[in-house]
Amino acid sequence: MEARLKFRETEFGMRFYKNMLANEGVLHHGPVPGATLELMKIRASQINGCGFCTDMHVKDAAYAGETPERLALVAAWREAPYYTEAERAALALAEEACRLADRPDGVSDETWDELRKHYDDEQTAVLVAAVAQINAWNRINVTLRNPAGDYDPEVKAKRYRDD
Amino acid sequence: MTIRLNPEEVETLPKIWKAFAGAGKPMQSQDIVPRSTLELVNLRASQINGCSFCTDMHTIDMAHAGEEPQRIAMVAAWREAPYFNEAERAALLLTEEATRIADGDTGVSDEVWAEVRKHYDENQAAILIGQIAMINAWNRFNVILQNPAGNYTPGQWG
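Residue numbers (this note's numbering), protein chains in the order written: chain A, 618 to 780; chain B, 50 to 207.
Hints in this document: simulated from the structure, not taken from any laboratory. Beta carbons: idealized from backbone N, C-alpha and C, even for Gly. A hint or two may mislead.
Beyond 12 Å from chain A on every Cβ pair, some chain B residues (computed) [what the hints assert, rightly or not]:
no. : residue
1   : Met50
2   : Val124
3   : Gly179
4   : Ala198
Here's a subset of chain B near chain A, in silico, CB distances under 7 Å, partners left out [said to hold, decoys possible]:
no. : residue
5   : Thr104
6   : Gly199
7   : Pro203
Use the sequences and the hints to build the structure in full.
Okay, here's the thing in structure tokens:
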């Protein structure tokens, strides 16, 4: 398997990618636990069927010490005992914000109210941005059929240490 | 989280489950399709149906049988992943289309069926269909009943 286009080797792709990575840095160093953000990124990537992003975020989460049970149940988290109420609110947001297509209500008031029980304005802003950002990555990697499997979590860990 | 109908109080429920478990026996007892492929089928359908109980059970069974962690982790987004062989990919395709047959979906396409038949003979294809039908049935039981995940021990249900 090979990506349809070597996106990062185009002049545009190089500049765009740099800005997207800068966004990732802002998200990573923000006020939401990294484990919560990884759960949202994995769930969005599963819904969007993005092999590249799912591979990456499962590896990132495991590298950060996430448990196998929590990783295995992200796709079917509702009746699972492994997630806090705050994490469940973030996962519900991730699901609704991913499945926007042809749905008049987008993110429901119920989901939003539940979110706001657990997160202040700054944290909520991070969560909204995180869902938007992972959906953007999913679109890029699914469109390009970017193959999964070669991702090394140490690369990102080093980048964040150096930020 | 508690199950909506308690099988210890509603005596019909264990009887129905026993009959359903019996229907699953032909897929289990014969090694016509690799067990690991049938578990991929179980897991993918359970993910699509959002069935926590079945997802928990089958990921635990897979790990117990020695399945690679990254293969388990990548079932939900298997297409661009290098971890699945062509026969497994055909089984996953069939599982996805056969699980998403609700209103407006087109059922199982000729392309997917042809891909399945490249890798599986008639008996093997029958096993795959049986497995997909059974796991979708189990998903319905457990999603409707909101059966909580988290207490499964490998081999608990035979």
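Legend entry - Broken hints, by number: 1, 2, 4 and 7
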